[in-house]
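Protein sequences appear in the order of chains A and C.
End of the first sequence sits at 374 in my numbering; the numbers just go up one at a time, nothing left out.
End of the second sequence sits at 255 in my numbering; the numbers just go up one at a time, nothing left out.
Please keep in mind that the hints were generated in silico from the structure rather than gathered at the bench.
One or more of the hints may lead you astray.
Unchecked claim - Simulated pairs of lysine-lysine, DSSO-like, Cα-Cα distance not exceeding 30 Å: (1) K118(A) / K101(A); (2) K58(A) / K221(C); (3) K221(C) / K367(A).
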Amino acid sequence: MNLEEYKGVYVFAQQVDNEISSIAFELLGKAKDLAKDLNTEVTAVLLGSGVKGLADQLAEYGADKVIVVDDPELKDYRTEPYAHGLASVINKYKPEIMLVGATAIGRDLGPRVSARVATGLTADCTVLEIGDFPLQAVPGQEQLHNQLLMTRPAFGGNTIATIACPYNRPQMATVRAGVMQKIEPVKGAKAVVEEFNPGFTPDNKYVEIMDIVKAVTETVDIMDAKILVSGGRGVGSPENFKILEDLAEVLGGTVSCSRAVVDSGWKPKDLQVGQTGKTVRPNVYFAIGISGAIQHVAGMEESDIIIAINKDADAPIFDVADYGVVGDLNKIVPKLTAALKAEIAAAK
Amino acid sequence: MKIVVCIKQVPDTKGGVKFNPDGTLDRGAMLTIMNPDDKAGLEAALRLKDQYGAEVTVVTMGLPKAEEVLREAMAMGADKGILVTDRVLGGADTWATSTTLAGAIRNLDYDLIITGRQAIDGDTAQVGPQISEHLNIPVISYAQNIKIDGDSVIVERQFEDRYHVLKAKMPCLITALSELNEPRYMTPGGIFDAYQQEITVWGRANLKDVDDSNLGLQGSPTKIAKASDKVRKGAGEKVTLDADESVSYIVGKLKDKHVI
């Protein structure tokens, strides 16, 4: 493998139902930073059926070039045709870096493709930067420059590791949704669009989609919320979430929850914050009746302001809260809602 | 039907985490359990065995101590256990782990391979799909329901906002979610039997069609540059006040920060 041949930062531009997923824009934002450090370009790889029209959107979010693989076999996500499509793009265009979202699609596609093109893959990264490997020069070992350094949590957030892929290309990473920042879209931006079709011949690895069952949900995506009012087991009952909903409404926020609440069947999984739920970074995160297990903290600690209310003064949530209030949420939260309502009315 | 289940002995993350000087995990120094997603995968295999009849073989790669999870699996009802252990396999990343397990599985007959979605130590979710690629068979990740239909499997595959009902011809690899089921307990008779049975131990020499350059620390494309305990931003203020004062405190902070 001649590593020098591999150039450019590539992003898998995930789309579902011909709508680009937010993670693709987030990856483009990060890819732009990396490409600047490497003095190279950002390429989005768009796979699907009838998706060429989406290329302009990718340009607006930072893609210099868009490679479109358009084929009826790619209509809905299936591992094999998508792996074939992406691996073929990698083999033909030879990217230096290939970023994929750590979504239910990306965490299936990424490993399959990395195994096919025989390179390493670092999962669920939270920080990506360009640097040296080894980090410090070691006698007797060549220090390589311009490497992708991929930082990720492990052990449920107990530890953090920085990984490099120094001798194989592309350097592949999956990145958690909600971690990287998208750029302000540049209206009217255009990218070089190139169409490529490696040919899709169904074989034993093509599975058949017999049915697609979409979850019926009216809720807002908690990852987009600026203010989250999050409840844990301490809220006591599904009915009592009403006091959190009232608080959220006054602030124009959204209610989310901990895993214990989902496991108890009080709230649906798409409202769950944490390691096995979603990573959120709102301006304000209220942790109400949440003890703060490390798996929960991993999903919310990047919030700008964390306010915790808990009756247990020793709850670990107070270790990450900017403002911790030890007390009874049933007394404090309704009064807080009323006080904020009065403040906001007075300010108008 | 023959089912191979890949399981992993993992550190119980409730205990402490310890590292070797090279940044890899000091697995010998930590308390261990059977990885939860793998246990769900094993349970799924045992239910297929109950329903359709099957021979269930569990395979693990690890230190000699990993024999413990094989015994546990056999006490739950697995028929055979294979431990893949060898000094040269140590320090493997997901690529080298998947080439190793694929090399072991090539010696076996199988209709179905089941792995857990991900292990609680690395959380990568990579090894299952990578094994399927090395073996050139289809993969269905994130399975929340598994049925057999003749020579095919029908699986509900979970996504964030939907699930797909997928049909794949066997042989096929499935990765299981811990939500898939509630794993059964070991039975006293099962525990007794499990300790009577032989565990097959394989080393490097038993791996089929695998090049040395794809094994162990040396054969791992990803390299650890740095590993450490996570540094958190640290606690802020903590107050204990009555309800009205608590409210004033929070409102004051929200005003200071221009939230309201």
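Status of each hint after checking the structure:
1. K118(A) / K101(A): Cα-Cα ~22 Å, so holds.
2. K58(A) / K221(C): The hint holds at about 25 Å.
3. K221(C) / K367(A): Distance ~49 Å between K221(C) and K367(A) Cα, so the pair is violated.
Violated hints amount to a single one, hint 3; each of the other numbered hints is respected by the structure.
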